[in-house]
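Going down the list, the protein sequences come from chains A and B. If you count the first sequence from 1, you need to add 52 to reach my numbering. If you count the second sequence from 1, you need to add 36 to reach my numbering.
Everything labelled a hint here was simulated from the structure, so no lab data went into it. A couple of the hints might just be wrong.
One side of the interface only, derived from the structure: several residues of chain A facing chain B at Cβ under 7 Å [stated by the list, open to error]:
id	residue
1	Phe216
2	Leu223
3	Trp303
4	Ile349
5	Ala365
6	Val368
7	Ile369
8	Ser370
9	Asn372
Predicted, not measured: the structure shown is a model, and the values here were computed from it. In this text, a Cβ means the ideal position worked out from N, Cα and C, and glycines have one as well.
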Amino acid sequence: MIQIDYILRKITFSLMTLAAVIVFNFFLFRIIPGDPVAMISSPRMKPETRDLIREQYGLDKPIWLNLDAAREEDRFAAAFDSQFFYYLKNLSQGELGQSFRQKQPVADLIAMRLGPTILLILTGEIVAILLGTTLGIIAAWKAKSKIDALSMFVGLLAWSIPSFWMGIVLLTTARGYLPSGGYETIGAIFDSKLDHWLDIGRHLVLPALTMAITLFGSYIMVARSSSLEVLAEDYILTAKAKGLSTFKILWSHALKNAALPLATVIALDLGYALGGAIQIETIFSWPGIGRLMFDSIAQRDYPVLQGVFLLLAVSVISANFLADMTYLLLDPRVEA
Amino acid sequence: MDETKESFWRSFREKKVGVLGLAMLVFIILVAVLAPLIAPYDPNESVDATAADVLAPPSPEHILGQDEVGRDVLSLVIYGTRISLVVGFAASFIVILIGCVIGLIAGYFGGWVDTLLMRITDGILVIPALPLMLVIIAVAGRGIINIILVIGFLSWTYMARTVRSQVLSVKERQFVLRARAIGVSHFGIIVYHILPQVLPLIFASATLDVSYAILAEASLSFLGLGDPTMVSWGSTLNRAFMRGAVTNGAWWYLVPPGLALAWVTLSFAMLSNAVQEIINPRLRTHHLFDERKMVSLMHRITAPKIVDDAINEI
């Protein structure tokens, strides 16, 4: 019963946060000074054309509630004929509006960029998890030794360096050896699918490495602290007494128990990694969501910015919900 | 009070990490204050640059070389200290203010007030901070005031949670119950009896907020959303990146601002580590609780426990 209560509470919380983000997202982009129509029209247009655009985008309607229409038509439903409800209706149909600059629906632009971002984050995460967990468990096993101190130092260093600077340093160092940016060699004709993939892989090395380095500092520390706790348990001593090999103990006992706290951290990280991708994708011209956000800021392309922000917020909220659920697996007695 | 202060200093001096962090911090503050005296050149002055000055490597006249318009990189980094520290301290001031008020009210009154305030706090915690800051600055404009406000108003959540949990334990203590029994007002109890008990913790976590704010400003400026009228580490890196320092391999232009950022972040983390250990030696609680805190903070670039562990280990 407590568990159902907990799950329901977390669902309600996630939905309410989502609702707040949706309302905020609408509101924020209405406080931009100036006429939104001016951004999509040219000054040479006739006033009638502008009015037409205004009507097309629903900008002639009131912002929150259309009370005048409700009164005139004497129909309650007409009150919802407003910009806000227009926005909600479009959103529910997956319609995020039209880009100011690229004359393309925002949803299409985002869908195009989603693949590269997922590829980048997944690769970065996997490398970070493998490296971070291994180093963290070794550090815990050899606690208080030089290896421990060294891996903690590396973790701390990776944690304190801003990701955009890490990216720049890697880019400058690897100049000439690896492609400096982009997703694939532009204009190249590939003999086979495999060649194409290899080309993408070569472009992926630097951005994914940057992402892995920024993430793995925290994984070393989490893996170390949770394995330390496990290694102090009596059953590890029993395992040692039984004569199990070091590797076997680490693998089947320590890692298994350190896995869930790590899963929580990773679930939370996935959402945030999207945010971190903004800096990395900007540096490496990686055609993903982050780069799209950067470009739309530079070009004042507000509908795109609005759509991307909504997507990021939804991912982080869902990742948090997932993390809350892994908590339940971890310790069924969780509260709040 | 003086006695506790003295004993605090005595224990602080024993923490080598804390003393080193403080020394690093004092150094950087001195650099910021004395910038016009130490910097060999004034970065706001226009330079008559020749082709040889563009991205020139280090030389006796320019120890860290020159940027793409011939300015002295060392002077840019020295002046960048100012904006970083101003943003860091000003934003943390907002963080302390909001975090304290929310944490005190939620912890003291409890009940639905607490539930409501904490749900709002958690809600803000799950919205990705950097993208939100980007979106707001892009819409509201890139002035230094806007940057400080955005960072301050989006970073108080951890402070509120810390203050709240401390208030929860303090409010059950004898002297608070007695004050209430003799009819001291809620306001009086909060300000005169509870706040002084929570204050040390507030300062400890505010030190981490400063370094978070500094990194946030650097990220915003790097993405081109910094105050265009000011020289900061982030905006210096932005220009270096955009104007060909990478393709020219001008490491003297790229490396120093990043090292300066790492220097400041580390100094605050070390300082906070020592302070937290003195005021609250039993800080380490259940690992589940701590990791959750750690993760939400790792992304707010403030991770007390884990970072503390790492510092202690080294």
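Right, here's what the structure says about each hint:
About 5 Å separates the beta-carbon of Phe216(A) from the nearest beta-carbon of chain B, less than 7 Å, and the hint is met. At a threshold of 7 Å, the smallest CB-CB gap from Leu223(A) to chain B is about 5 Å, leaving the interface hint in force. Proximity of Trp303(A) to chain B is violated relative to the hint, the smallest CB-CB distance being about 21 Å (cut-off 7 Å). Hint on Ile349(A) holds. Least Cβ distance to chain B is approximately 5 Å, under the 7 Å limit.
Taking 7 Å as the C-beta cut-off, the interface hint given for Ala365(A) holds, the closest approach to chain B being about 6 Å. With its C-beta approaching chain B no nearer than about 5 Å, Val368(A) sits inside the 7 Å limit, and its interface hint holds. For Ile369(A), the interface hint holds, the least distance from its beta-carbon to any beta-carbon of chain B being 5 Å, beneath 7 Å. Among the interface hints, the one on Ser370(A) is violated; its C-beta lies about 10 Å from the nearest C-beta in chain B, farther than the 7 Å criterion.
Residue-level restraint check for Asn372(A) holds (minimum Cβ-Cβ distance to chain B is 5 Å; threshold 7 Å).
Violated hints, listed in ascending order, are 3, 8; each of the other numbered hints is respected by the structure.
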